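Work out the full structure: start from the sequences and follow the hints.
The residues making up each chain are set out below.
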Amino acid sequence: MAIQHRARVFGAAIITVGVAAAALTGCSTSGESSSASTEFTLWDPYPDRDAESTWAKAIDACAADLDITIERNAGNTGDTVKDLTTAAGNLPDVAMVDNPKVSTLADAGLLTTTDDNGFDVSNIEANILSAGEIDGKVYGVPVGANTLGLYYNPTVLEAAGVDIASVTDYASLTAALEKVVASGKKGITFSAVGTEEGSFQFLPWFWGAGADLTELDSAQAESALQLWTDWLNNGLAPNSVISNTQGTSWDEFMTGEYAFAENGSWFKSAADEAGYLSVQIPGIDGGVAPAPTGGEFITIPVQKDTSRYETSAAIVECLSSGDTGATALGYVAPTADGQAAQLAADSSLEFWIGAVGDAKPRTADNLGISYGVISEQLYTAVQNALSGAASPADALAEAQAAAADKLK
Amino acid sequence: MTATQTTSRVAVRDDAGEVAPSIGAISPARPLRSRRRLRAQLTAWAFIAPVVVYLVVFYAYPLYRNLDLSFRDYTLRSFIDGTAPFVWFDNYVEVIQSSTFTPALINTAVFTLVSIVFQFAIGLALAVFFFKRFPLAATLRALFLVPWLLPLLVSASIWAWMLNSESGIVNAGLEAVGLTQVNWLTSPQWAMVSVLIANIWIGIPFNLVILYSGLQNIPGEVYEAAALDGASSWQTFWRITFPLLRPVSAITILLGLVYTLKVFDIIWIMTRGGPGNSSTTFAIWSYRLGFGGGSPELSPAAAVGNLLIVLAFVFGLIYIRTQRRLERA
Chain G
572 MAIQHRARVF GAAIITVGVA AAALTGCSTS GESSSASTEF TLWDPYPDRD AESTWAKAID
632 ACAADLDITI ERNAGNTGDT VKDLTTAAGN LPDVAMVDNP KVSTLADAGL LTTTDDNGFD
692 VSNIEANILS AGEIDGKVYG VPVGANTLGL YYNPTVLEAA GVDIASVTDY ASLTAALEKV
752 VASGKKGITF SAVGTEEGSF QFLPWFWGAG ADLTELDSAQ AESALQLWTD WLNNGLAPNS
812 VISNTQGTSW DEFMTGEYAF AENGSWFKSA ADEAGYLSVQ IPGIDGGVAP APTGGEFITI
872 PVQKDTSRYE TSAAIVECLS SGDTGATALG YVAPTADGQA AQLAADSSLE FWIGAVGDAK
932 PRTADNLGIS YGVISEQLYT AVQNALSGAA SPADALAEAQ AAAADKLK
Chain E
28 MTATQTTSRV AVRDDAGEVA PSIGAISPAR PLRSRRRLRA QLTAWAFIAP VVVYLVVFYA
88 YPLYRNLDLS FRDYTLRSFI DGTAPFVWFD NYVEVIQSST FTPALINTAV FTLVSIVFQF
148 AIGLALAVFF FKRFPLAATL RALFLVPWLL PLLVSASIWA WMLNSESGIV NAGLEAVGLT
208 QVNWLTSPQW AMVSVLIANI WIGIPFNLVI LYSGLQNIPG EVYEAAALDG ASSWQTFWRI
268 TFPLLRPVSA ITILLGLVYT LKVFDIIWIM TRGGPGNSST TFAIWSYRLG FGGGSPELSP
328 AAAVGNLLIV LAFVFGLIYI RTQRRLERA
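Keeping their order, the protein sequence lines are chains G and E.
Each residue of the first sequence is one higher than the last, beginning at 572 in my numbering.
Each residue of the second sequence is one higher than the last, beginning at 28 in my numbering.
Think of the hints as simulated: they come from the structure by calculation, not from any bench.
Computed from a predicted structure; not experimentally measured.
There's no promise every hint is true.
To be verified - Derived list of chain E stretches under chain G, where covered just means 3 residues or more per stretch with a C-beta under 8 Å from a C-beta of chain G:
#1 94-106
#2 207-213
Unchecked claim - What follows is a set of in silico ranges between Cβ atoms, one per label pair, in the way DEER data are often shown:
#3 E:Leu69 <-> G:Leu978: 55 to 65 Å
#4 E:Val120 <-> G:Ala907: 34 to 44 Å
#5 E:Val120 <-> G:Gly781: 33 to 43 Å
#6 E:Leu206 <-> G:Ala907: 20 to 30 Å
#7 E:Phe318 <-> G:Leu978: 11 to 21 Å
#8 G:Glu729 <-> E:Trp188: 27 to 37 Å
Backbone N, C-alpha and C fix where the C-beta goes; we use that ideal spot for every residue, glycine too.
This is how it looks when you write it as structure tokens:
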């Protein structure tokens, strides 16, 4: 009995040691990777662009220039924030991060500033760059930017007798939508889905009404949400916008039934092909509403071996200067030179280059990491108001209270 | 009697097959024997080791990590410097006081119970129906398995597409028969109904298959006896099929319960838990907290996950209780 007991304890001990050893070796294998090699890793959210794509070729050209190899790595899940945080011990040399997430990663201490890595950002357009700026420090540079505009279908407008020049503010846009619906066609489609995409699409109207993200329950914010809610209730926008992503919203527009669609510059070529045109989203009383910028930032995550920053900064420089990276990914270039080069190659880009110039990053106004919290409440309020679960005023008041509570 | 006792005592063999002379004369052979026994023990442990390692690495450790995560204030920064202050039950308090808690709890309960009631009832009805052998029964039964074979992503996307307010085939059908369109996925009243319909559809084959195999285990003589006694088919079902199917039903419902509590993909694809919170269950809420919003709240997300585990555990206990009471009765 005693022997049996001793043997059992012994066996259990061996297993415990085995598990512990396995766990320890599991830990120690990560951590040792970046030495003074010429191999650099780039976390690239575009794994679908294969070696033959212009994007991959732009990266290869940079690698050849710098006499290094750049290994593209798509991360594990495609969610850069999740992947980077879980890989904290073994970060890539260069990581491309969706612009509103830059502040989150910077706040976590994962990213180097331009002071650390010695990168010069003076020629990057200020409004695009500000998404990477927190308290005066710059944590990355945009590879390019895109933004939202108002696409329209000239055939539908013409049939309804609407002159696009008459659409200058919220009231005249609503009047145009009413005319279109009266003519038997459909009004406007957009995406108000309950994710970041929903906030992204609502922001032009929110900012265009003069509202501020630090005060979600302002009268201006309410008038913007009331605009959307009325469109839905009066049949000027389809109910499906509540669950539409920007992709499904575009599919609706492509049916040819809709007069307007709020969507991004990334659909430009599809619009050109179908003969659809675009204008900038108007402000509440005329003028142009600032639309949010989209697009990734190229960042340099913290490394143990700080000597790698110099080459990493050169990679970033190579991908962000000029227009090779931006054009390869379908963005407007982040520098004036790059934009001029893009315009020279394709004059039809003029509209979107202008729109990006008027656009504004979501994390601007030094919102930084607060933006994520505020945005979540904002798209929830939009969902509640559009679905009829709450009035726009109540939905926004609740959102402001919740955001304030979380940001305390 | 005495003789057999003696022989059995003499013929006592130890595990290694060695004949031990007698119990009294054990001492001279002891070192050899204990070494053998030790080796036998070690062999046994070697056989257990893989499964123990597997359980520890893939079950015990993640569970411990999730508990640990929920008792700390984990931020993204914690991944870098490894510091996460221990905050006791703060995350649980935050989660329970959240305005999402009550709707999520109600939604989880409604989603689980309604799903199971319909899946089981329809599954049982179909199982009894197919049990009456008729031409094409096997083919039709196989066709009913299709929802089970499809990836959830595909099923959920197709349901979302069919229930779309503007272009969905369901609304087109409603309009064709003169009814007004229903905002299936985008109104707070209907979003839960829509995800329930999809989930019930997906769960029917599972219930059908298990209950059908349960029916095959009910001896035919019982039905013959019932037929001789002149029982109607209604009586046959309630007096014979249903009671005899009870053990199989219980396991079907328990598995369905555990499966339904954790359903995430169908709801996420169809409504993202929305509009607002109207189809947010605990599983959706946990994901939203951790990875959905702009600011990852990993610790509250872990707390919600743990509440879900506790909920499943409580249901499990209730099930075992009822099971015992039924057996006793």
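Each hint tested on the structure:
Here the segment 94-106 of chain E counts 4 residues with a CB under 8 Å from a CB of chain G, which clears the bar of 3, and the coverage holds. Counting residues of the segment 207-213 of chain E whose C-beta sits closer than 8 Å to any C-beta of chain G gives 3, which meets the bar of three, so the coverage hint holds. A hinted range of 55 to 65 Å for the beta carbons of Leu69 of chain E and Leu978 of chain G is consistent with their spacing of about 59 Å. The hinted range of 34 to 44 Å is not satisfied by Val120 of chain E and Ala907 of chain G, whose Cβ atoms lie roughly 53 Å apart.
Checked against the hint of 33 to 43 Å, the pair Val120 of chain E and Gly781 of chain G passes, with Cβ atoms roughly 38 Å apart. The given range of 20 to 30 Å is broken by Leu206 of chain E and Ala907 of chain G, whose C-beta atoms sit roughly 58 Å from each other. Between Phe318 of chain E and Leu978 of chain G the beta carbons are some 20 Å apart, a value that agrees with the proposed interval 11 to 21 Å. Against the hinted window of 27 to 37 Å, the Cβ-Cβ separation of Glu729 of chain G and Trp188 of chain E comes to about 31 Å, which satisfies the hint.
Violated hints for the displayed structure, listed by number in ascending order: 4, 6.
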